[in-house]
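Order-wise, the sequence lines are chains A and B.
According to the numbering used here, the first sequence is numbered sequentially starting from 1.
According to the numbering used here, the second sequence is numbered sequentially starting from 352.
If you are wondering where the hints come from, they were derived from the structure by calculation, not from laboratory data.
The model shown is predicted, which means the values in this text are computed figures rather than measured ones.
Incorrect hints may appear among the rest.
As the list claims (entries may be wrong) - Only some residues are given here: those of chain B computed to face chain A with a beta carbon under 10 Å: (1) 362; (2) 386; (3) 517; (4) 594.
Unchecked claim - Below are the SDA-like pairs computed for lysine to any residue, each with C-alpha atoms no more than 25 Å apart in a straight line: (5) B/531 / A/314; (6) B/489 / A/338; (7) B/489 / A/89; (8) B/391 / A/303; (9) B/489 / A/307; (10) B/489 / A/318; (11) B/391 / B/434; (12) B/391 / A/204; (13) B/391 / A/159; (14) A/205 / A/172; (15) B/527 / A/302; (16) B/391 / A/314; (17) B/489 / A/12; (18) A/242 / B/577; (19) B/391 / A/275; (20) B/527 / A/242; (21) B/489 / A/336; (22) B/391 / B/419; (23) B/489 / A/172; (24) B/489 / A/268; (25) B/489 / A/242; (26) B/581 / A/172; (27) B/489 / A/159; (28) B/391 / A/307; (29) B/581 / B/566; (30) B/489 / B/505; (31) B/531 / A/307; (32) B/527 / A/300; (33) B/489 / A/171.
To be verified - Estimated spans, in silico, between C-beta atoms of each pair: (34) B/435 / A/68: 33 to 41 Å; (35) B/569 / A/2: 24 to 32 Å; (36) B/372 / A/251: 46 to 54 Å; (37) B/540 / A/66: 39 to 47 Å; (38) A/68 / B/482: 54 to 62 Å; (39) B/434 / A/8: 45 to 53 Å; (40) B/482 / A/8: 37 to 45 Å.
Backbone N, C-alpha and C define an ideal beta-carbon position, used for all residues, glycine too.
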Amino acid sequence: MHPIFVRRSRLILYLSVWIAFGLLLSVVLIFGGRAPALWSFEFAMPIALALGLQSLSFWYLVQALPPGQVSPWRMALIWCVAGIGSLVIWLIVAYGWALFLLPPGEDYPDNAMGTLPLLIFAGAIGIMLAVLGHYLVGAFQRSLDAEKRALELQVLAREAELKSLRAQLDPHFLFNSLNSVAALIGQDPAAARQMCFLMAQFFRKSLTLARERAIPLAEEITLVETFLAIERVRFGERLRTKFDVAEDVRDVAVPPLVLQPLVENAVHHGVAHMLEGGEVCVSARRREGLVEIVVENPCDPDRPPSRGTGVGLSNVRSRIETLAGTRASVDVDARETSFRVSILLPAMNPA
Amino acid sequence: MRALIVDDETLARQLMLEHLGQIPNIEVVGQASNGFEAVKLAEELNPDVIFLDIQMPKLTGFEVLELLGERPPAVVFCTAYDEFALRAFEVHAVDYLLKPVEPARLAAAVERVRERLANRTPPPSAQALSVAARPPGKMLERVLIRQEGRVHVLPIERIDFVQAQDDYLEFVVGGKRYRKQQTMSDLESQIDPTRFVRIHRSFILNIERLARIDLYGKDSWLAVLADGTKLPMSRTGHAKLKELIG
């Protein structure tokens, strides 16, 4: 919708500007064109409003030609053509209106041709003001939109933070690990002790990392390794892991706990459902100026329906986008027997 | 009392075995590490009680119970954490254990099973239980069928239509028919209503299979499927279908 019609106050302001323009035009006609006062007024007001009405259409051109995106020459040319076209239409309207106002039988006043340059001048000024005004409105609208987007992004980041805090304390993981500890105490006390250390390490690390906005990838990898070490105690031979992280991406900034949910999914929705188990593969390398991080796992096409509610992936996506903006992306490749999530993000260093 | 332990984690099975060893008059006759194995062993060993994990490869604990048929043994579910399942257990008075399993709780659960067996308390309906335990917003994703000793898993999207017979349903998948003891209204309440429509008293149709609708007589229609199969459609069925596909 045209921004002038969005609010009544804007419409009133717009109309008053054109009424003022009409008053000014009649004054100019009275003194400059030596026309009768009443006639000038009757003539000028309606054509001023007509110009106002015509100028509304500039908004669509303003939107089609946002500043800075089209070359200035091209823009100047388009506006010249549009402005002159608009001016010609307006002059024709003005001429028609003048004929209509003329008392029957009377000829056109001698000085009519004298007012033409005046009208052209006034019309050109009016049109230029209207174009400028529309660009101002456009800029105002864009800044409002940008503000709204920034707010939305902030809300998203908060939500993601909340969800990641909740994800850390995944009750499944905690209780199952404790069950493993309870089992090990009877059979292999040393392994039980080792498991306690791993769990302490994992929970401590995830609590510290969660406070940061961004952490080096290497830190996240260590966390994920600890997580998988704990899960390996539970799943035994069934869970195999492979890490392939290039040296030159270890310092790249990532949101904390961004790989952990992906690896957790790889175990719980992938490997845990394979009778013979499978390999969770985490890799990271530079690719075309960006950093690509991939988590990959096999899965069973006949696995039972998931009992979770599955917020992990969307959470990861929104956090990556919050940190790295539109250049980042999260791709999911879900096949019959494999699942692959790849994160592409610009290489930044954690602040 | 003869027990079967079902859990995909070796350590969890060992812990259960150790705990059960402390309880008198109970003998562990078998262990299964996935859903299919559980169904097979339950059939072969005919245990009095199954200690059943919920999340396992191949079949969930609920699906295992469903496949055990009319006279399942007593079941004690085991889970680390599953809020929807726990609520369902409470509602249907099903025994369950939380991991890590405490010996005292296990002993109490075994005691309750003994009482149930002595009183011949009928087991809960597997269908009702699995419906109650489904997380909100989740619809039936696959149908499990036991036919001539084999377990068939039919993903819901592969089903063409379902036909009601005397006291069972026939699921039709690419011309093959699978029988299951279930009522039409029971299935209708579990299945995604945006993908499956009950077009007739005896037919539920996967709307993706619909090719066209033929007028058959006054107030009666035929649903013609992509493979040429014709199914009768009632007036209310026709109205429901129209509303869905516009």
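Results for each hint:
1. 362: Because about 4 Å separates residue 362 of chain B from the closest Cβ in chain A, which is inside the 10 Å limit, the hint holds.
2. 386: holds (7 Å)
3. 517: The hint is violated - residue 517 of chain B has no Cβ within 10 Å of chain A, the shortest such distance being about 30 Å.
4. 594: Check failed: Cβ of residue 594 of chain B comes no nearer than 28 Å to chain A, outside 10 Å.
5. B/531 / A/314: Answer violated: residue 531 of chain B to residue 314 of chain A is near 38 Å, above 25 Å.
6. B/489 / A/338: Holds: residue 489 of chain B and residue 338 of chain A sit about 23 Å apart, inside 25 Å.
7. B/489 / A/89: violated (63 Å)
8. B/391 / A/303: Roughly 18 Å between the alpha carbons, so the hint for residue 391 of chain B and residue 303 of chain A holds.
9. B/489 / A/307: holds (9 Å)
10. B/489 / A/318: holds (24 Å)
11. B/391 / B/434: Judged against 25 Å, a Cα distance of about 29 Å means the pair is violated.
12. B/391 / A/204: violated (43 Å)
13. B/391 / A/159: At roughly 46 Å apart (the allowed maximum being 25 Å), residue 159 of chain A and residue 391 of chain B break the hint.
14. A/205 / A/172: Roughly 19 Å between the alpha carbons, so the hint for residue 205 of chain A and residue 172 of chain A holds.
15. B/527 / A/302: holds (19 Å)
16. B/391 / A/314: At roughly 39 Å apart (the allowed maximum being 25 Å), residue 314 of chain A and residue 391 of chain B break the hint.
17. B/489 / A/12: Violated, at roughly 53 Å.
18. A/242 / B/577: Answer violated: residue 242 of chain A to residue 577 of chain B is near 46 Å, above 25 Å.
19. B/391 / A/275: Holds, at about 16 Å.
20. B/527 / A/242: Roughly 43 Å separates the two Cα atoms, so the pair is violated.
21. B/489 / A/336: holds (21 Å)
22. B/391 / B/419: Holds: residue 391 of chain B and residue 419 of chain B sit about 9 Å apart, inside 25 Å.
23. B/489 / A/172: holds (20 Å)
24. B/489 / A/268: holds (18 Å)
25. B/489 / A/242: violated (34 Å)
26. B/581 / A/172: violated (48 Å)
27. B/489 / A/159: Given that 25 Å is the threshold and the Cα spacing comes to 23 Å, the pair holds.
28. B/391 / A/307: Since the Cα atoms of residue 391 of chain B and residue 307 of chain A sit roughly 24 Å apart, the hinted pair holds (cutoff 25 Å).
29. B/581 / B/566: The hint holds at about 12 Å.
30. B/489 / B/505: Given pair residue 489 of chain B, residue 505 of chain B holds - Cα atoms ~17 Å apart, limit 25 Å.
31. B/531 / A/307: holds (24 Å)
32. B/527 / A/300: This hinted pair holds, its Cα atoms lying about 24 Å apart.
33. B/489 / A/171: holds (21 Å)
34. B/435 / A/68: 33 to 41 Å: Cβ of residue 435 of chain B to Cβ of residue 68 of chain A: about 54 Å, so the range 33 to 41 Å is violated.
35. B/569 / A/2: 24 to 32 Å: The hint (24 to 32 Å, Cβ to Cβ) is violated, given that residue 569 of chain B and residue 2 of chain A are roughly 54 Å apart.
36. B/372 / A/251: 46 to 54 Å: holds (53 Å)
37. B/540 / A/66: 39 to 47 Å: Hint violated: Cβ distance 54 Å, outside 39 to 47 Å.
38. A/68 / B/482: 54 to 62 Å: holds (59 Å)
39. B/434 / A/8: 45 to 53 Å: holds (52 Å)
40. B/482 / A/8: 37 to 45 Å: For residue 482 of chain B and residue 8 of chain A the Cβ distance comes to about 55 Å; the hint is violated.
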